[in-house]
Each structure stands twice: as C-alpha cells, then as structure tokens.
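Once you've looked at the hints, go ahead and assemble the two chains, each given alone in its own frame, into the complex.
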Amino acid sequence: MSNYKPTIGIEVHLELNTDAKVFSLSKNNYSDVANTNINEIDLAYPGVLPTFNKGVLDKALLACLGLNMNISRKMHFDRKNYYYPDLPKGYQITQFNTPIGLNGYLTLSTGKKVGISDIHIEEDTCKSLHHNGKTLLNYNRCGVPLIEIVSCADMNSKEEAMDYAERLRETLLYLGVSDCKIEEGSMRFDVNISVSKDDTLGVRSEIKNIGSISNIGDAIDYEVKRKIEALENGEELLFETRRFDSDTGKTIFMRTKDTNNDYRYFPEPDIPYIYLDEDDILSVKEKLVMLPKERREEYKKRSISNINIEKLIANKELSDYLNIFLDENIDFNIASNILLGDISSYLNKTRKSIFDTKLDKERFIIVVNALKAEEISSKIFKEILNSIMEDDALDLDSHKQVNSDEKIIEIVTKVINDYPDSVKDYKNGKDNAIKFLMGMCMKESGGKLNPKMVMDILQDFLNK
Amino acid sequence: MSKYLDLGINEIHDLLVKKEITPVDLVNEVFDRIDLDKLNCFITTDKEGALKRAESLGEPDENNILWGLPIALKDNMVTTNMRTTAGSKMLENFVSVYDAHIVDLINENKMIIIGKTNMDEFAMGSSNQTSYFGPVRNPWNNSLVSGGSSGGSASSVSSRIVPFALGSDTGGSIRQPSSFCGIVGLKPTYGRVSRYGLIAFASSLDQIGPMTRNVFENASLLNILCKKDKRDLTHIGKEEDFTRLIGEPISGMKIAIPEFYISDVIDSQVLDKINDIRKLLEDNGATVETVKVPYIDYAVPLYQIIALGEASSNLARFDGIKYGYSAKNAKNIDEFYKKTRSEGFGDEVKRRIMVGSFMLSGKNVSEYYNKALKIRKSISNSFEEIFKEYDLVIGPTTTCLPYEIGEFLQDPNRSFVDDVLTIPVNMAGLPGMSVPIGFSKEHLPIGMQIIGNKWEEAVMYKLAAFIESKLSLDLVPGGDNNE
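In the order they appear, the protein sequences are chains A and B. First residue of the first sequence? That's 1 in the working numbering, and the numbers climb one at a time after it. First residue of the second sequence? That's 1 in the working numbering, and the numbers climb one at a time after it.
Chain B with its partners taken away, still in its complex shape (with noise of 0.2 Å):
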C-alpha cells in the first residue's frame, strides 16, 4: 500500500505538482485507510465524490500548498453531498440544503472532503461516547477515548487516514481529543473562522479549528478558514498567514503558568511533562513564571448554565416538522413534539437541554444566568490583565490522560471536569491549542495547552513549532490500526 499520506504536506505538494503523484492517487489512500479503520472514525465517507472531485481538479496549482489534498470535516458542519447527522439519530438521514461556510472555502482552495467524522451527539461529551453511531477509540489504544467531542477528526489524523480534518471546539471539543490523541489542535479566537453552518451547540462558545499533524499543517491550514462571511454578525475573521512566526527563536518570549494549571487535580505524569517544557523553555531564553488567573476555577459551572442555557435554546428548531426525525402516530402537536424528541435525542442530549431550560427558567435567568455572564466577564478581564504582562500562557489540555470506552459513562459531572483546563478559554473567546508535549510510561499522548491573547494565533504557533522541533516526537501511533 502507497504512504504518501504519511509524509508532510510539503512533500506531497511537491509530488503532486511534478505530477508523480495526482490527487486520486492520494483519495485512493485514504479509502484504503478508511477500509482498515477500527477505530469509528467516520459516520460517513463520499468515496465516489473525493473522486471525482479530485479527478476535476486540473493542473496543480504551485502557490497553493493544500491543492489536492484531503480533508474530513467534523459531522456537525453541514454539507449538500453528504448528510450531516450531528452524531445524532435526530439528524440520521438529514441533508442541508446549503453548504457551511468553510465547505465554501475549502472547495475554493482546491481541498478534497472525504467525509464526515464521528462526534459526540451535538457535540455534546468529552470522549465521543455519546455519539448515535458508537464511540470513537483512540489510536494509541484502541480501548481507549478517542475524547470529544471531536473524537472522529482527532483519530482520524491521528492514524494517518487524513492529515487535515476540522473540529469544533465549544469547551474544549477541538484540544482535549487532540490530546488524547497525540494531534495538534487549535481553537482559534472567537470569531475567527464563520459558524455559518456550523450546527451550533452554544453559541457565544463554538468555534471551528483545524486538526492536523503538526503545527505547520495546523496554521497552514487556518490560513484558508478566516475570509469574511457576512452570514455570520459575530465573525471577523482578519485574514493573515499564520505561518510567518514559526520557527522564530522565543527567547524573551513573557510566558504565564495559572497556578490552577498545575494543581493536584492534574494528573502527576502530564505535570511532569508540563514541567519539562517549562525547563526547556527557560533554557532557550523565555521567562515562565506561575500566575493567578481569578475567576478560571469557576469556569466549569459557568459553562454549565451558559452553554446549557444557549443548547436548550439552539436545539429547539429540531421538532420534527422541518427535517429531521419526525415521530408517528402522536394524537396531538405537544405529543408530536415530546415523542419526537424523546426518541430522537440520545440521554446526554436530553439531560444537557433539561438543566440548559432549567438554568433560564422563572427566577434562575437572574439567579444563575445573568450572574454567570458577569462572571464570564471577569474571567476575560482576568485573561486581559496577563495578557498585558505576558505573551502566552501555558498548560496541559487536560486533567488526565485517556480513560477506558466505557468508564465514567454513569457519571454525567465528568465530561464537564474533563474539560476544567480549557472551558476558561472559551468563556474568553481567546484562542487555544493542544500540542503534543510527550508519552506517558504506558505510551499514551500528553498534550500541552498553549492559550494567547485575541487574535495571536501566529505567536502561539511560533511557541508550538519551538517545542515541536526540539522534541521530535514520533506521533504516529503504533496501535492495531496500523497493522
């Protein structure tokens, strides 16, 4: 089998534009891969589309280092050939009728999307557990979480069947699978990249962010995704290449550790590797002192009465009668709507849209919502004032590393404490990335969080691809999809 998709984006584009490769070749790859996947990468793959798609392309196009290659999109990004299911049985059979923005921008940059990528329902979860069509396992052990709730993008890069995928990160849905799973994953800045057909789960929150094998692939390939959509009022996009930082000393970089990051909650082996970094990173010229962020620790209840709140709300257009699951035989229009939604809702979804209505009921809206907007705006000020001291603040992704397909499943509380670490830079809007920092002794992916201010993802690129070069790990993991 060809392992042309094993090699850098760099040098498949120079294969493909001296014509010794063309981009059937590489699609071909990719459905031999996704063949031998068992991993549930994919709720659904477009072989005959990626083909012909890739056979209408025409002459390579030089300047444009994405030509011909393939990507899978997360399955809440909605698409005109091929369903988008949201990971839920409410959406199984549902066909948009328009394309998301970013589908518009990567057929104009010439990409090829292979297919759409297993998720948490409604991108609700923190380890793809909660998907309609099965958990997704996570390349370095298959019997573990991929984590979510981008499970699907996560391990499909991961295990080489595609070297560009996107995600959608709300509280950390992008960086903790691409933790889990060995990747590098970016949340960029609130209103960077459109949500114009991003099927939204809480909408102050969502973001779309690349997924990629290391930190180049990862800004080349945001360069395409911020061109302003007018669809989208809070999208502002600023286009710029992402690139123009990396590899660039950082020596007097200011770099901000929260104290909260590296609390004992924090598993011991990724504190250690967090350690490291810091020593590293000290030793080629970067200052790194411990600071204390107010407000971050409440990020998480937060985020339960904000995101809940706006989710109860966004997943109200599913009532059966537009699209979408539609259940039989209801005697009236309230029987219609609460069977409909009864079956056609898995139970996270459920429960997160009763506590979310819970939260913006009656007196709560003052009690709970409003009080936690405030504090939301706390926590950004927070963020504001190290930003005016310092350049990025570092971290790990998460609090732990993968757990077993099955644990914690009767446990709701856990997704949300999964995502401790990186919920805080939603509720900012600020951008963040997970990238890989390390192994543990069992030989499971650390990643570490780098979060910077609004707008300065090319610096915390510039950061990722120092620590990227002077580790040289080997990401591609050796578990049984591999064979």
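With the rest of the complex left out, here is chain A (with noise of 0.2 Å):
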C-alpha cells in the first residue's frame, strides 16, 4: 500500500478587495444585507454591457508579482457559456485563453517550488441559499473580482499540500490583494488529487471548496486512502467531482466529470483587447512589498530566533516596522523581542498603530541600543513604555543604569551598614538574607542600579 504516491494540485479562487464590482460600479462588499449592492449589470438586464474596474486589473498584476508569473501583455476577456440560476446572464466572463499570469511559482517552507500554470481574472456569481425547498439568490456576490491561482500537480504529501495553501495565503495577505478569509468565502480551494504507483498519473478527482486549511490535510488524508483502497480492490476509479464533509472527515461524491463540460468560451467581444506595457507594470511593481519568503530570510541573517520570525510575519505591520531597520546596525533580537512583548501589548491595548505612536525610526535605535548596552533594564523599559511611546520627548537619561563601579560600592557600602542584623544572618549560612540586602541596594538607587553588577559586588563585600 504504501508504494502509491499521491499527486496533487490546487485551484484557488480569491475575491480581490477593490472598492468596486470588476465589470459594474455596484459596490464590492458581499456581506452588507442581502441584494443591496447591485444593478442593472450584476441583475444582467436587456442592453446592459459591462465596464472594467482597472483597480481589479492592478491588483491581479500584483497579484502575478507576487507570485513569480509572466505577465501578457495582451489579454482579453472570454465568455464561459453555461445555465445556472446563480448566473444572470448566461455566461461568466473570465479570461479562458489569454490568462494575465503564466508559468509562476511558489516557494513553500521547504524551498520546494511549486510551479503555479495560470492566474486569471474572472467575475463571482450570485450566491445561492436553499431554503425550505426554494432557492434564493444573493445578487451582492455575482460580479465580485475573482482571481483564479491554478497550481501544477506538484504536491505529494498532504504536508506539502497545506504548506502551499498556508504560504500562498501569507502571500496573497501580504500583497494586500484580498482580506483572503478562508472561513467567508473570499479565498477557496479546490483540490485536484489522484495516486499511482509510477510516474504516470492516476484518475483524479477534484474536491471542491475546502472551507479550511487543516481540513484541506484531511480531504487529502481520506482521499487517498479511499483511492488506494479502491485501486487494490481491483476497482476502477472515475475522474469525479467531490466535496469534503468536515463533521464526518470523508469526501463525497458530488458527480462525474467523464462528459467534459462544452461552456463553448469565445471572445467577449464587449470588452476591448487590453494591452499592457512596461510602465503599467513598473507601476504596480512599486507597490510590490517585501514577502514572507524574504522576510524570512532576512531575519535569519539578522539572527532572529525563529518563534520571533514567525511571529513577525504572522503581524504585518510589526514585521513593516521592523524592515525600517534592516540597514541599520542594531540587535535584531532586542528590537524583535521589544516590538513582540512590550510593544504588541501597549499597542494592543491602546489600539494604535505604531506607525501612530512617538517611536520613530531615530528613537528606536536609541532605545534598542541603550538596552543593548545595559543603560536601561528590560524592567525599566517597561516602565517607561508609555512615556516613550506618547511623550514629545525621549528622557532616557534619569532611568540610565548605573554601570559604575565606584556608585555601585558606594550603595551597598551604605547599605551593609544600615543592615547589620541582614550581614550577620547571611554569614550564618541565610542565602535569602542576600536577596534582601540586594532589593535594599536597587531601593536606595531608584532601581537604576546595574542588578548583575550589584549582585557581584554585594557577594564580594559579604564573602570578604
């Protein structure tokens, strides 16, 4: 049994977060109460032609950026013909023989590349709810911009499986194209899966709309096993259509694709060939920010540890705040650990950006340096968090730590002698009497004293 290899691919469909509809001026927002966004386009009235949104455009570019693809610098659109409810005119428009994105990849965690075919541009359609037996149609949906990503079957674990949905999605979020909510519909997944025991490709089959990442290993789990059973039971397998049920863990077969369906695409011939060059490119190519991969990498070389890694790129913004910096010679690992502790809770807590806050480019040098150089504690800096993040101007100076040996003897000379009794029961074997003569050192100083110097010090006095 264990000689089957599974094969598999993935098509992904994502709602772009443009304000408009592509191919109407109805508003882009599924969600707002049912069948308020929408006009005579979407509802596909008699002489009513489509418009194209160029944001959708933009973003799909972006979108191609991203993820390594050829871009055509000719496109147009094609009309897929088929009858269904959920469709108002009759057709979706999509873009079947010239895609804007071809031959792309994607690195997943393992540095595996994962060839991606085509992304292409195409409109949502209504949404349909079933209801006692009647169907209703949510028209906020049908001509929402989808981008369509169609992988290679080049997966072969269910491991490799996820780790593309998940790097694609970190991806996609990062390029800002899409909020890419799994669990709302703005980013599905169909996954194509078959097994063989060669390097020809079994039957496969598709299943359709995996509602999340875990239960997209799962799909496959149960996939293949039903696969391979199927195959060593001597049964003959159907290139079929199925559906993940998640309460259960099984597939279901929805229904088989041998009749290949004739949608009898040709040219929309209401939309004009769109031509790009190499400035509408350079354009968007400015908007292209640094992704995770490369984030990633960076931070090794800077020698972030790899739970801080991770934590950044699963915060965008702190991760944008942080790439401020990489030119600059600081402790990557104090300016990681401050920005993931402190500075997350303040923000969280406060609701700000800390785009909005008093730590600029120039004050976070300065405060990452002065703990790095011990001038203040990890205790004082907390304490002072607000202040450096609210006030006008940075007072570091009164918190400094006192790093001088001359201070710090003159404090624990002070206080031996104002504790006699303490003195007496440490040299009588109370280790504990220490730790109090210690907090009496830093009370006396305001806290500024340098803990570990302190420690050292009182330890010499008291052993003398």
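These aren't lab readings, by the way, just hints derived from the structure by calculation.
No farther apart than 16 Å at their CA atoms in a straight line, the calculated lysine to aspartate or glutamate pairs in the EDC-like style are these:
#1 B:18 with B:59
#2 A:372 with A:328
#3 B:322 with A:86
#4 B:363 with A:262
#5 B:322 with A:40
From a predicted model like this one, the values you see are computed outputs, not experimental measurements.
Laid out in structure tokens, this is it:
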C-alpha cells in the first residue's frame, strides 16, 4: 500500500478587495444586506454592457508579480457559457485563452518550488441560499472580482498541500489584494488528487470548496486512502467531483466529470483587448512589498529566533516596522523581542498602529541600543514604555542604569552598614538574606543600578 | 388634418420658433396618423407621455433644430416609461429599470419619443415577419414586406408618421428596410453610437443609427447620437457636425464599385439604377471604378458563425428568472429553462440560438468560429486597401425589390441572402447607408448603398445629398395608408 504516491494540484478562487465590482460600479461588499449592492449590470438586464474596473487589473497584476508569473502583454476576456440560476447573464466573463499571468511559482517552507500554471481574472457568481425547498439568490456577490490561481500538480503530500495553501495565503495577504478569509469564502480551495505507483498520473478527483487549511489535509488523507483501497480492490476510478464533509472527515461524491462540459468559450466582444506595457507593470511593481519568504531570509541573517520570525510574519505591521531598520546596525534579537513583547501589548491595549506613536526610527534605535548596552533594564523599559510611545521628548538619561563600580560600591557599603543584622544572617548561612540586601540596594538607587553588578559586588563584600 | 409632418424639419423648426405651432400640435398629428396606420409600425405608443413631454418642453430653442420634434425608437432600445419587447413574447410585458444611452440623448436634446417600433424578434430577420406582434407592411404596397429587422422604423418614417426613427443594424437591419421603404438609413461606424441599452443581438456587429426622410435630417439626427458613453467600452463617439459637407461639389471624388455588388445575383432593375447613378457621378466630375474586394463574398457564412455565435450567448440571459416570460409548472430547473425558452422565443430565434450554440461547441470553435474571425479580419483589410485609393464605395443595398408578405417564409436562409450586400460592412465595422435612387417599374423604391471609411460618415452624407438633390424623387408613398 505504501508504494502509492499521491499527486496534488490546488485551484484557488480569491476575491479581490477592490472598492467596486469587476464589470459594474456596484460596491464590492458581499456581506452587506442581501441584494443591496446591485445594479442593472449585475442583474443582467437586457441592453447592459460590462465596464472594466482598472483596480482589478492592478490587484491581479500585483498578485502575479508576487507569485513570479510571466505577465501577458495583450489579453482579452472570454465568455464561459452555461445555464445556472446563480449566473444571471448565462455566461461568466473570465480569461480562458489569455490569462493575465502564466508560469509562476510559490516556494514552500522546505524550499521546494510549486509551479503556478496560470492566474486569470473572472467574476464571482450570485450566492445561492437553499431554504425550505426554495432557492434564494444574493446578487451582492455577483460580479465580485476574482482571480483564479491554478497550481501545477507538483505536490506529493498533504503536508506540502497545506504548506502551499498557508504560504499562498500569507503571500496574498502581504500583497494586500484580498482579505483572504477562508471561512467567509473570500479564499476558496479546490484540490485535485490522484495516486499512482509509478510516474504516470492516476485518475484524479476534484474536491470542491474546502473550507479551511486543516480540512485540506484531512480531505487529502481521506481521498488518498479511498483511492488506494479502491485500486487494491481492483475497482476502476472515475474522474469525479467530490466535496469534503468536515463533520465526518469524508469526501462525498457529487458528480462524474466523464462528459467534458462544453462551455462554448469565445472572446467577450463587449470588452476590447487590454494591452500592458512596461510602464504599466513598473507602476504596479512599485507597490510590491517584501514578501514573507524574503522577510524570513532577512530575519534569519540577522539572527532573529525562529519563534520571533514566525510571530513577525504573522504581524505584518510589526514586520513592516522592523524592516525600516534592516540597513541599520542594531541588535535585531532585542528589537524583535521588545516589538513582539511589551510594544505589542501596548499597541493592543491602546489599539494603536505603531506608525501612529512617537516611536520613530531614531527613538527606536536609541532604545534598542540602550537595552543592548544595559543602560536601561528591561524592567525599566517596561515602566517607561508609555512615555517612550507617547511623549514628545525622550528622557532615557534619568532612567539610565548605573553601571559604574564606584557608585555601586558606595550604595552597597551604605546598605551593609544600615542592615548589620541581615549581614549577620547571611554569614550564618541564610542565603535569602542577600536577596533582601540586594533589594535594598536597588531601592536606594531608585532601581537604576545594574542588578548583575550589584549582586557581584555585594557577594564580594559579604564574603570578605 | 394638419400636414406639418410633411414639411422638412427646417420649416417645422421655423414654425415652432415662431410659435405658429407647438410640439403638442406635432404630437397630436403623429397620433392622428398612427390611428390610421394599417402598416403595423408600432408595438407600443405612449400618447399621454408624449403630450405631457411636449407640454413640458418650455420655450423653443432656436439653436436646436431638433427641439420639440417627434421620434420613434426600434423596440430593442430600452425605456423606463414604455415596455421594450424586442418583438418577442419573451419580453411582451418587460419594462426596463434604466434608459438606453440614446434615450438620454434624445431627452437632453428635447425631442419627444412617441413610441416603439415593430421589428423582427430580437432583430433576427430581414422582412419583419418574425415579430411576435405581426409583420410590418410596406407603405408603397401593403401586401409587401417592409424589410427588416428595423421594419417598423422604416415604415413609420416612409409613411410620414414620424420624421425620425432609430433603427439598429447588425447585418443590414437599418439599410435593407430603408431601401425597401424608400428612406435614408445609416449604420454608423462601429463604436460611433453607444450600445448601452440596445438589446444585444451580435455585440461585435450591432450599431444604432438614424432612419429619416432625407439626407440632411439623417445627418442632423446623427449629430446628437455620438456623445461619449463610458458604459460601452466599445464606444468611441467622436462628436462632429455631420451636415458640414452637405452641398459641396463631388468633382474629384474617387468612388469604387465592388465587382461582387454588380454581379448577376442582383435584380436587373436595381442594376440599371446603379448604372444610372454611376453615369450621374461621372458626369459631375467623380471617378467611378469597378474593383475587386477580396473575401466579401464570404461575409454571409461568416455572419452565420459570428453573429449567431454571439447571439446564442447574448440571449442566454432570458431564462425566466429575473424578468420576462417565465414558464409555469416546471418540475425542476432544467425543465424550467426548457419550457421558458421554448415558449418565449419564436422559431427563427430558436433556430439561430441553436446554430450559434453549435458553432461554438467543442471543436467547432476552432473549425468555424476562430477561422471566421480571421476571414473577418481579411475583409477589414480588403476594405482598408480600397479606402487607400477611393473616398467611398457604392453599390446596391439589396439584391432584390420588396417581396410579398409570406413569401420565403419556409426558407430560413432567405434573410441572410437578403443581407449579402450589407453584411460585409458590419464585418469590417464601417459606416454604411442606404439612399433612395429611384423606382422599379412597379413603382417600388430602390436604394443605393454608400460605404465609407471608418469615421467618414460626413463624406457619405455629401455624396448622398448630392444624389438626392440631383434626383429630386417624390418619396411620399401613395399606398393605402396615406389616403
């Protein structure tokens, strides 16, 4: 049984977060009250014509650039013709012959590259709600811009498939082209799976609309097992469409795909060809941010811990902030620790963006360097954080840690003289007494003494 | 009965400006004439709305020659204040939620829409016999067809019910009925007039155009139809004064007649008239030469592939769910679609949807459709070559004279053959017009087609106006309708 190898490809439908729909000026907000974001174009009234939202082109281009695609310089739309109540025109406008992006890839955590054969722009359908034997249609979703991202059948395990989905989602979020909410349907996965003992591909099945990344793993597990069992029992597999039931963990048969659907594709005559030149692409390229993969590499080079790297990637704002300092010579471990620790809590509590605080580039460098040089302790940092984030002037000096032997010796001498009983206790073997004396030293100095140095000097004095 | 509507629009305009008549008088006269109409020109009229509008127009605008004048729209242009049927049972009671772009333009220019004219169902036909609302009759002989698909528009203008009508032309639907009814009809350059609100037949070929009693009135109406509309991505517009070359001499013009347009498939009476015009033009200093235009003889099969392919998709939206005819008692969604579309569409429309679907199915896309697109490009190139040397192309509009209602009904290919001379123009996206050049011995009008280079309608109007002034034809039909 174990000599079967699964082959997996994933198609993703992604709703783009433009203000308007792709072929009409209706608001692109599916979640508003049903059938409020609609006009005559969405309803396919006789005589209407599609307009084209240039914002969709820019977002699709951005996605293509982020996924290393070749960009089509001349493209058109096609009509995909079929009858279904959720499709008011009787055809979907899509890009069948000239997808905007071709032959790109996404790099998995392992470094393996998964090919992306094409990315094309299309429109979403209405949302059907089946209720008491009737079907209700919500046209808010009709015409919402989508890109479909079609991977090559390059994945061979559920781990790779889930990693692909996760890396893709993360990349698209960083590109800012979609909210990528899988549960709400703005990012939808169709997974194609086949198994084979040799290099030929087995008969595939397509699992439609999987609702979470962990379900992708479960669906693949089930489907691979189902296929192997069938093959071992000598059954013939059919090219079929299935769906995943997350309650039972099973995939369920929907329909066979043996009769290839005849969609009668032809070029959409209502939308002229779109031409892209170098300038169009460059102007979008300027909006291209550093993507997670490169960020991870940069952070690793700067010796940030793996845990912190992942936390940073998960918090794009802090990661963006940290990237301001990539050319600076600071301690990135300290920088990432305070960002993800105290600063993050402060931001959560105050519901602020770090970019709206007084912690500008210069101030952050001063603070990180002071922590590095142990001029302030992390305890003091925490105490004065509000002032660091909010005050016009930064006053570190009054909080700076005392690192001079002379000053520390002066205070230690005073404390030893003030508390002879504790000194006696310590000498009689009560180790706890030194902690009391330590505390007194810190109290005497207003907490500014370097605690490690105090302890060393105190021990020296007591053990004399 | 008043006869203001028999006057030219310049004269009517003068009377309006001098307040000797009002738009209300004109509307009343239109409806007096509609009451006598035996031609079945209109599917829907709106006397009450038209009178209300006529009363609300305020002071006459002496700078707007179209102020207060009545106009009829082919019933495939959507309106919010009247139903729009496209000549089909499918849309028998359909009222649009928005107005077509040209409706906005007509309203902006203070014209009065008086009704929606009869047409072949979804503009599919060339004799106005596929209309759910019955055939339109020819004002020159009421037993003959008006031509189509803009038959109601042609007949209503020809019979002097209205001075203006709009038609739409996918393969000849403005020019052919204009020829049959003895009026001036122009299909503008593709992209000249916004299609927003025109119920689509074949999107890459459809174009709205003016149908009028004479050349000047045609150019005057086109003047207001080209305003830029962002809602149609294929619309370019290019506003200009189309009357500006009217009256200029034609000497020095180079005119081509395609060999294909004077072949023996053309009725000899039509050919004779074309030859008369050729002589007239030559006598007045124009050069007229016979030329070969490669590929134009393929236009009809191309049309059957491209136009019907597009139509099969454009008409998919009529599914009974959102608007229009909706079948009762269907057991499931597939049966619902089948019943709605079987019962709502007429035979010709169903035939064309089936042919179009077939053309786009499976391998046929590459076998037929993609090849047709290539040959279509070749037709464009052929014309491009011609227009490097010639100012205009002329020829007959139709191969034959108007025929009997009921004739050729059993021949589904007939309507395409009718359009053999007009379809190449749509394929190349060029402007084409039909202008009356005389009568047959049965006293039926004969039209000549003028084809221009893209965006050169003004040059076409110049030639058409010249011919019109030289011939001075009496184009008021003496049929039963006008007694």
